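A.B. asks: Given next are the chains, with one letter for each unit.
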Amino acid sequence: MDLDSLYQEIILDHYKHPHHAGLRDPFEAEVHHVNPTCGDEVTLRVHVADGVVEDVSYDALGCSISQASTSVMTDLLIGKSVDEAMTIHQTFLELMQGKGQVEPDEDVLEDGIAFAGVAKFPARVKCALLSWMAWKDATAQSLDKEKA
Amino acid sequence: MDLDSLYQEIILDHYKHPHHAGLRDPFEAEVHHVNPTCGDEVTLRVHVADGVVEDVSYDALGCSISQASTSVMTDLLIGKSVDEAMTIHQTFLELMQGKGQVEPDEDVLEDGIAFAGVAKFPARVKCALLSWMAWKDATAQSLDKEKA
Amino acid sequence: MIEGLLPELEVIRKDFPILERTLAGGYPLVYLDSANTSQKPQVVIDTMVDHLERHNANVARAMHQLGAEASEAFEAGRDKVAAFIKAPSRDEVIFTKNASEALNLVANTLAWRGDLQVGEGDEVVITEMEHHSNIVPWQLLTERTGATLRWFGLTDDGRLDLSNIDELITERTKVVSLTWVSNMLGTINPVREIADRAHQVGAIVVVDASQAAPQLPVDVVASGADVLVFTGHKVVGPTGIGVLWGRREVLEQLPPFLGGGEMIETVRMERSTYAGIPHKFEAGTPPIVEAVGLGAAVDYLDHVGMDAIHAHEQAITAYALEGLQTVPGLTVMGPLDAASRGGAISFEIAGVHPHDVAQVLDSRGIAVRAGHHCAKPAHARFGVQSSTRMSSYLYTTPAEIDALVEGLHHTRSYFKLDA
Amino acid sequence: MIEGLLPELEVIRKDFPILERTLAGGYPLVYLDSANTSQKPQVVIDTMVDHLERHNANVARAMHQLGAEASEAFEAGRDKVAAFIKAPSRDEVIFTKNASEALNLVANTLAWRGDLQVGEGDEVVITEMEHHSNIVPWQLLTERTGATLRWFGLTDDGRLDLSNIDELITERTKVVSLTWVSNMLGTINPVREIADRAHQVGAIVVVDASQAAPQLPVDVVASGADVLVFTGHKVVGPTGIGVLWGRREVLEQLPPFLGGGEMIETVRMERSTYAGIPHKFEAGTPPIVEAVGLGAAVDYLDHVGMDAIHAHEQAITAYALEGLQTVPGLTVMGPLDAASRGGAISFEIAGVHPHDVAQVLDSRGIAVRAGHHCAKPAHARFGVQSSTRMSSYLYTTPAEIDALVEGLHHTRSYFKLDA
Ligand SMILES: Cc1ncc(COP(=O)(O)O)c(C=O)c1O
Ligand SMILES: Cc1ncc(COP(=O)(O)O)c(C=O)c1O
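Protein chains in written order, with this note's numbering: chain X, 1 to 148; chain G, 1 to 148; chain P, 1 to 419; chain E, 1 to 419.
These are calculated hints, taken from the structure and not from any lab test.
Just to be clear, a hint being listed does not mean it is correct.
Simulated pairs of lysine to any residue, SDA-like, Cα-Cα distance not exceeding 20 Å [to be verified]:
id: 1; chain 1: E; residue 1: K416; chain 2: E; residue 2: G351
id: 2; chain 1: P; residue 1: K86; chain 2: P; residue 2: E249
id: 3; chain 1: G; residue 1: K145; chain 2: G; residue 2: V82
id: 4; chain 1: X; residue 1: K99; chain 2: E; residue 2: A24
id: 5; chain 1: G; residue 1: K120; chain 2: E; residue 2: E75
id: 6; chain 1: G; residue 1: K16; chain 2: P; residue 2: A350
id: 7; chain 1: X; residue 1: K16; chain 2: E; residue 2: Q385
id: 8; chain 1: X; residue 1: K145; chain 2: X; residue 2: S57
id: 9; chain 1: X; residue 1: K16; chain 2: E; residue 2: V384
id: 10; chain 1: X; residue 1: K147; chain 2: X; residue 2: G51
id: 11; chain 1: X; residue 1: K80; chain 2: X; residue 2: V108
id: 12; chain 1: P; residue 1: K416; chain 2: G; residue 2: Q8
id: 13; chain 1: P; residue 1: K416; chain 2: G; residue 2: S5
id: 14; chain 1: G; residue 1: K136; chain 2: G; residue 2: V52
Simulated coverage check for chain P against chain G, where a stretch passes if three residues somewhere in it have a Cβ under 8 Å from a Cβ of chain G [what the hints assert, rightly or not]:
id: 15; region: 354–364
id: 16; region: 371–378
These figures come from a predicted structure and were not determined experimentally.
Backbone N, C-alpha and C define an ideal beta-carbon position, used for all residues, glycine too.
Generate coordinates for the entire structure from the input sequences, incorporating the hints supplied.
C.D. replies: Here it is as structure tokens:
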């Protein structure tokens with residue numbers, strides 16, 4: 001159990017000082033996701049305009065991994081086109097589900113590469129993915145709304 | 001497995017030629033009992049007058065043990081006072097539940113002593129007791145009716 | 001040499017420790033009651049022991065190493081079962097306590113508000129050859145909701161009478177629930193054909209595969225079922241576990257059954273929301289070591305090969321049908337050609353009650369079942385109250401069938417039927 | 001030497017093979033998650049193996065020698081459980097799949113026509129410290145029938161707030177359901193006192209003894225319960241089995257829950273009649289090998305002695321409460337005196353999330369639980385979303401508590417809380 005590979009400095013930094021925290025206006029969709037196993041929760045809003053992720057704001061309760069992951073995610077996605085953001089999402093998902101066998105791509109994931117170690121702790125993968133799943137859900141809802 | 005201790009000649013005789021079979025009038029109570037495990041069934045009527053078991057009549061479907069036991073029971077109970085009959089019932093019950101350790105009393109049980117071997121076959125005890133339980137139930141009902 | 005028998009039958013028998021048992025009088029065990037419950041191979045027992053001795057912890061909720069090991073072993077059981085029945089998604093595989101609970105889960109939840117709710121004017125169709133576990137839940141549902149229960153009758157040779165299918169399956173039909181293989185008559189039913197008809201009227205189709213899963217290769221999608229159930233202890237797995245497979249859409253439409261434990265998303269005193277499938281239907285601590293054992297069991301069956309097992313069952317059944325015909329006064333209930341039936345054969349012998357038949361056989365170490373086999377209506381249909389049933393499995397040998405047939409001849413002479 | 005500890009603790013530990021495990025990094029297992037599930041002594045495992053290898057058959061229905069052996073072993077499990085909880089009659093002991101099913105059995109059947117049916121205007125009273133399995137079933141019942149769900153709140157020190165008992169338990173109350181020992185706060189509730197009050201208004205009392213049965217001597221009649229449930233896997237027995245004890249009168253008044261298998265008296269297609277208790281509530285093949293294992297489990301506990309186990313738990317709990325107080329920033333939830341609580345201790349450490357606490361402990365081989373422990377409302381009551389929980393059992397040593405406390409100090413320094 002290499003604890004330090006799980007709790008990278010970057011993760012602990014984001015945990016103590018989360019980026020983009022809080023719920024902000026404007027937003028097109030707000031979702032609430034929970035991890036039923038442990039009760040970690042996130043309320044998350046997305047603001048998408050002209051195909052660009054203008055803002056991702058959130059109110060989250062959870063462990064260091066889930067909190068840091070949310071913070072890193074907002075750094076990565078805000079300002080990107082929705083398409084690019086979806087690609088990053090997919091890359092992060094693959095890293096997390098890779099059981100520690102996937103080599104993280106720093107160009108795409110930046111601070112997110114710190115989560116490579118989490119993939120070796122199956123029980124924590126859900127923590128790392130909580131807000132990413134919420135973001136995907138919210139974005140899908142906002143795009144649906146746009147279409148309607 | 002001493003099969004012959006189960007299937008005494010007396011039992012097979014009663015099975016092939018059951019005594020007092022059929023449903024008769026008059027009767028004060030009629031009950032229907034089944035053995036849910038195997039589906040053996042008996043419809044049984046009692047006619048009690050002045051504290052005497054005047055008649056026990058029945059329509060039964062079942063294995064040799066349950067059929068023979070019904071036949072032997074009618075031989076034993078018909079004509080006895082209800083009190084005597086209850087004592088015989090109790091004696092037969094004790095024999096059946098004795099796991100083969102109880103010495104049967106021929107003075108009380110007559111042909112019923114042939115069932116001593118059945119007590120060593122736990123799965124068959126229910127067969128032997130089916131109509132005895134039905135008789136007790138029916139008699140209790142007829143006495144209740146009398147009181148009312 | 002009988003064609004179709006498993007080539008390594010003696011090796012397979014060695015996998016089942018109980019087959020070494022001798023019984024009263026020194027008789028070796030001849031176990032012909034596998035439709036009631038199957039015996040367990042050593043690998044299933046050993047896998048369960050290893051789990052209990054080394055990896056035991058609660059699942060899902062535990063974050064420690066033992067918890068991760070237990071969760072992984074438990075969920076691997078789900079994966080193996082999903083593969084065994086070719087489920088499109090592992091999440092569609094729900095663990096219950098047995099097949100009966102699985103059938104009740106569906107029947108019970110259909111009474112409650114939801115897209116599939118059954119109510120007055122609606123009809124549920126079953127058949128006269130069902131096991132009680134596929135009758136009583138539907139009686140409870142229809143009695144409690146004011147719906148109507150209807151059923152397919154049987155032909156004299158023990159098949160479903162489909163002649164009035166268009167009267168039975170109508171626009172009012174909400175559910176058709178039937179057994180794939182009868183546990184009494186052995187009949188293999190045309191499940192797909194009936195399912196297609198039921199789907200035309202928009203009914204959901206529930207298939208009781210309790211006797212099919214042990215004997216036939218199962219492909220849930222190809223079967224036409226919307227819901228399919230079976231039970232662990234009949235597929236060389238342990239008791240305490242059953243399987244409910246359902247199409248995602250159907251499972252998502254059903255309201256929750258048992259509440260509590262990990263079936264929730266969030267709980268407040270005022271109201272709760274529920275987890276997605278499969279957890280929505282798995283309240284409380286699941287059958288953990290049982291799922292681990294069941295995983296090993298279906299792996300074992302897959303390793304031998306379900307096609308090979310099916311062929312073996314058919315070969316043994318054909319051999320048994322032949323042997324039984326040599327017994328005077330013996331009548332087999334259900335189809336007489338082995339190809340259209342499973343490995344359970346119920347029969348009567350004129351002049352000896354089934355219990356007495358079973359008793360004499362038991363005195364020679366031969367275990368069969370006597371009674372109504374939880375199929376009273378099917379017995380009533382044939383005017384009998386009970387029957388004797390022999391049922392084979394992958395470990396059954398022709399020599400055991402010989403012992404049975406000889407035992408039946410002996411039974412007749414014991415009861416002096418020719419005297 | 002700490003008073004109250006089991007005198008032969010090292011001998012007892014030898015009975016539990018898993019306690020020999022070493023985990024990643026060579027750490028020996030320190031299992032402090034027994035409120036989640038208990039470990040199994042060798043005798044339970046061996047008894048199950050012997051059953052599977054030598055006596056496996058279906059029960060009740062099988063008339064052959066194996067069937068008789070299996071039925072006897074299964075029913076002996078019922079006798080042992082009846083003795084363990086001092087049930088007036090063995091027939092009042094019903095085997096379910098777990099405690100959750102037992103609670104749902106009662107809540108689900110109360111919705112249907114019968115002497116005890118719950119409907120509009122009726123009230124069900126629970127408490128804020130219940131496990132989800134004793135909340136959600138009552139939510140489903142009251143939502144589905146139009147009845148009202150009410151509950152006792154909690155005091156700041158984690159006890160039931162009984163100040164408004166006369167407002168809560170009224171003539172409208174049909175059911176009061178509460179836990180004997182809280183799985184989160186450890187609180188032991190005054191079950192008898194509340195039961196007496198409930199009986200005054202004619203309500204039935206359901207007691208969730210899932211955490212009590214492992215730790216305290218249980219006498220169902222003295223408890224005041226009409227129905228009492230617990231789960232096999234927490235009393236050193238296997239998963240896949242739970243126990244519902246009910247007063248005969250109450251059980252007879254409840255309509256059937258699951259239909260099928262041996263719960264019937266007779267079945268016709270039109271209508272069925274049902275068996276008496278306990279079989280009425282045991283549809284389908286019961287958890288046979290599980291009942292055999294559970295019988296061995298309660299025998300094991302009885303052999304050690306429930307009074308001695310209770311004393312051990314209290315000694316360990318007192319020792320743990322003391323040790324935990326040495327950890328800066330640590331707050332224990334629930335009562336602080338060991339005498340009025342069970343062996344589960346939930347706590348928070350300021351500045352470290354429970355998952356992270358559990359993770360660091362796990363890296364040292366210490367297994368605790370982190371999360372809401374299926375008691376979200378109780379967590380919400382104390383304004384927290386999750387907590388870390390240590391829970392001891394008869395095999396827990398003071399040295400393991402020392403390891404925990406040391407691990408918690410280490411956790412704080414790992415997360416640089418004093419920096
Ligand atoms: C107080 C309490 N009630 C009910 C349960 C549910 O038990 P099971 O999960 O075995 O159904 C538990 C344990 O999880 C518990 O601690
Ligand atoms: C056809 C059929 N359905 C249902 C069942 C019920 O299975 P279980 O008793 O495991 O619930 C059985 C077996 O007893 C069966 O043969």
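A.B. asks: For the pair we were handed, K16 (chain X) and V384 (chain E), check the Cα-Cα distance against 20 Å.
C.D. replies: OK: K16 (chain X) and V384 (chain E) at ~19 Å, within 20 Å.
A.B. asks: Going straight from one Cα to the other, do K145 (chain X) and S57 (chain X) come out at no more than 20 Å?
C.D. replies: Distance of about 19 Å is within 20 Å: holds.
A.B. asks: Hinted pair, alpha-carbon criterion (20 Å max): K80 (chain X), V108 (chain X). Please report holds or violated.
C.D. replies: Distance of about 12 Å is within 20 Å: holds.
A.B. asks: Does K416 (chain P) pair with S5 (chain G) here, judged by a C-alpha cut-off of 20 Å?
C.D. replies: holds (17 Å)
A.B. asks: Hint check: K86 (chain P) vs E249 (chain P), CA-CA at most 20 Å. Holds or violated?
C.D. replies: With Cα atoms ~17 Å apart, K86 (chain P) and E249 (chain P) stay inside 20 Å; holds.
A.B. asks: Mind checking the alpha carbons of K416 (chain E) and G351 (chain E) for me, to see if they're no more than 20 Å apart?
C.D. replies: This hinted pair holds, its Cα atoms lying about 10 Å apart.
A.B. asks: Does Q8 (chain G) sit within 20 Å of K416 (chain P), going by the straight-line distance between their CA atoms?
C.D. replies: holds (13 Å)
A.B. asks: Next pair to validate is K145 (chain G) with V82 (chain G); report whether the Cα-Cα distance is within 20 Å.
C.D. replies: Judged against 20 Å, a Cα distance of about 15 Å means the pair holds.
A.B. asks: Does the alpha-carbon distance linking K99 (chain X) and A24 (chain E) stay inside the 20 Å limit?
C.D. replies: Roughly 17 Å between the alpha carbons, so the hint for K99 (chain X) and A24 (chain E) holds.
A.B. asks: Are 3 or more residues of the region 371–378 of chain P near chain G, judged by a Cβ distance of less than 8 Å?
C.D. replies: holds (count 3)
A.B. asks: Taken at face value, is the distance from the CA of E75 (chain E) to the CA of K120 (chain G) at most 20 Å?
C.D. replies: Cα-Cα ~18 Å, so holds.
A.B. asks: Does G51 (chain X) sit within 20 Å of K147 (chain X), going by the straight-line distance between their CA atoms?
C.D. replies: With Cα atoms ~12 Å apart, K147 (chain X) and G51 (chain X) stay inside 20 Å; holds.
In this structure, every one of the numbered hints holds.
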